[in-house]
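Asker: Chains as they are written, first to last, in the working numbering: chain A, 1 to 267; chain B, 1001 to 1260; chain C, 2001 to 2355.
Think of the hints as simulated: they come from the structure by calculation, not from any bench. None of the values given here were measured: they were computed from a predicted structure. Cβ coordinates follow ideal geometry from the N, Cα and C atoms, glycine included. A couple of the hints might just be wrong.
[Unchecked claim] Subject to a maximum C-alpha distance of 25 Å in a straight line, what follows is the list of computed DSS-like cross-link-like pairs (lysine-lysine):
| id | chain 1 | residue 1 | chain 2 | residue 2 |
| --- | --- | --- | --- | --- |
| 1 | C | Lys2117 | C | Lys2103 |
| 2 | A | Lys94 | B | Lys1252 |
| 3 | B | Lys1252 | A | Lys155 |
| 4 | B | Lys1251 | A | Lys94 |
| 5 | C | Lys2166 | C | Lys2103 |
| 6 | A | Lys155 | B | Lys1154 |
| 7 | C | Lys2166 | A | Lys227 |
| 8 | B | Lys1251 | A | Lys92 |
| 9 | A | Lys39 | A | Lys54 |
| 10 | A | Lys155 | B | Lys1251 |
[Said to hold, decoys possible] Chain B is nowhere near these chain A residues, computed Cβ spacing over 12 Å in every case:
| id | residue |
| --- | --- |
| 11 | Arg59 |
| 12 | Lys66 |
| 13 | Gln185 |
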Amino acid sequence: MNRKKPFLARFSSWYLILILLFTYLPIGYLVLFSFNSGKMRTSFQGFSLRWYEKMFGDRTMLESIKYTIIVAVIATVVATVVGTITAIGLSKSKRLIRSIILETNNLPVMNPDIVTAIGMMLLFLTANVKQGLVTMILSHITFCTPYVILTIMPKLRQLDDNVAEAAMDLGATPFQALTKVILPQIYPAVFSGALIAFSMSFDDFVISFFTSGEGINNISMYVYSMKRYNLSVNALSTLIVVVVTIILILANLIPYIKGKKTQKEDI
Amino acid sequence: MKSFFRMSYPYILWIAIFIVAPMIMLLLYAVSRPGNNVLTLQFTLQNFTDFFSDPTYMRVLGSSLLIAFATTALCLLIGYPAALFIAHLPERIQTLMVLLLTLPMWINTLLKTYAWQGILDFAPDLTSWIKVMIGMVYDFLPFMIIQIHTAIAKLDRELITAAHDLGANRVKTFLKVTLPLSVPGIISGITLVFLPAVSSFVIPKLLGGGDYYLIGNLIETCFITWGNWNFGSAISLIMALIIIASMWFTKKIDRNAEEA
Amino acid sequence: MNNHLNPKKLIALLLLVCLSVLPLSGLADGEVLNVYNWGEYIDMQVIYDFEKEFNVRVNYTNFSSNEELYTKLMSNVSYDIIIPSDYMIERLIRENMLQPIDKGIVTNLDQLTDGVKNLSFDPDNTYSVPYLWQTVGFVYDTTKIDPEIAEEKGWEIFRTPEYEGKVYMYDSERDAFMIALKALGYSANTESDEEIQAAYEWLREMDKTVHPAYVTDEVIDAMANGKKWLALVYSGDGAYILSENEDMGFCNPKEGTNIAVDSMVIPANAANPELANQFINYILAYENSVRISEEVGYASANAQALEELSSEDGAYAGNSAYVPRAGYEKDEMFHDNEIMRKQLSELWIKVKLHE
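Whenever a hint applies, use it, and build me the whole structure from the sequences.
Answerer: Quick look at the structure:
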């Protein structure tokens, strides 16, 4: 029995290390070559910041970053708010209606994104709506909200209904019951839902491609349309890696710090 | 609690406009031919018969399914042990591992795929099948690992200790306790990988060097190169139906497994 | 109790976030010109100079195929300037999607070089003003392939068994079928089923013989770095490759090839046609045309610019790919043909699937 243990422990450590290496190989490559003084993707010729200069000097690239962020922020905010209140509303509804709505809600999640994209494009075409920033935002909200709802629903099911009912019996308005009882309990799920929505919007290519218009690009559209790949894309990627890392660290530290704070308060 | 239900009205309206209406449009385009408009619609199934009767298109569908199966199988083979090992780590390190593995998920798929393009340039003799698989597995592996890990981590430790107490060795415990109870995780993992993989076209396009012509490429070609939106809509619908059918199918398996 | 956010404050905060982010989008910021062009097909400094001189903003975005451009136009967007290729312009004119150029504003029209005058799809420049032009040819590694052999073989070079695995083919059905049709002595615009079928067989043979890699613009950097021996390219990309890699040579095959012109046009639903005309005139002027052509490698439509860049002290002196072969009777421009389009597409998928 004891001889097996070390072997399995060693094997699992190596296995996980390999997986981590595999996971970070492209990221490391992107970051390394963003500092390449040469312009080839296959030979590193020394350190230089030229690609960062190029990136900050490339107006179209900067605009694509700007639009990506605008769309992602607006879509996330709307999706999170609407998704949360809808999820709460649905959890209190009859089973049949809830199933129908949830099944329909799942369509953008299950459908290949090209199907969602084409559907929205046909809708805008038929309704004679000019495509541009607004249509892109509308489509992002459409595919982000389902993820928020899907993240929150399981957590809502775990809640004890009686607490909210009790609060209202004691005189709280439904609104107060919502904000002071239900929301604080599902807050972590709302937060993850928001993060997921943001990352889906940020990453999107296909839906943005078909639903935007006149000069509005997001990062994925811009990179895809580049005729000749150059290393400023690596510079952009490195920047994204840095920002994402910071956000994830913060996202995990804040609940930790908050936890410590409430501990102190309890004391 | 009725007042709470009213909160979902706005979204229900949204669904009607932005989810249901587009699908209806897709359906209308799919059952008509180019040149029709909403008023003079001539119902026809020709788009569907054209698709299913053409061996080239069937090959394209077959390739997509094949790539999706292979990706899912590889993700499962590689991801299950990873999830298992992670679940046996001390809790702090587990959280760290999960964080490390999910970080790349936040970076644009396109950027990661271009990174692989660059890396694979160092090994030009690899077949394009391997290159595409590397790209696909890289993109989908975290989903599989997270789903399985969540399922395994939720397992009641008591069950495992109970099994040990009753005399089962590690292998038996795994086969009879851990594995069966982790099936819901496996199923969600498979769902989260297979379905998007079937309609993937960007990764195969960028890494496969034109060798892989898949359903997603076909739909893109229909709309962009041929301008045949009707045929494209029909194929999109077929894809959606395949996916909805698979989802329903996996849900059934899940329910049966739970009952058992 | 103090930990719970006041709901009204929360909503106010969220609204503030949304509103603060929106002004960044620069909507309603003064005159705007929406330009839709090929990727890497301009010197961005020219755009910035135009903005400064006319005190406007240019929204500059890219497309990667004429068909993509057409699809975008079909889906309810408004551009002021688009730069399609000849056959697409032919189609847009026929479908009444363009508006005429204002020749009172575009006075630089007399600066066009001969090779782009009197084009069949718009002989009087009623709708279009040429921008850059090119032929389709192939680049090859002169250290691996003898130039004499290249010139002699013409398009058949793509079916040389010795070059197996060393060939790039452009993933463009039009161009692929063009070389097959030319190799067989047919017209690139043929409507004959037999000829198209024969071209398909030619391409199948090619696929089986050399197993080419089907690529798009990756081919440019790849050949600049000598990754393979032979590639189908547009002459402008060829000019770039030759300027980066002195081992490379360029050839316009003797069987004839496709000659193409990309021109600036103004869509019928352009929001700002007057500014669009001014843009066209600006671009056509020598000092801007020459910068664009030098940066991109494709031949300029401006006579003086073309002359200067190909002359002895020009940037492309001695570069055999820079000036397109003009006036060769076997060279053809593509015409727009819907039936042929569909047929070629379907057959091309088969070629790529190795059927």
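Asker: Could you check the structure against the hints above and give me the numbers of any it violates, in ascending order?
Answerer: 5
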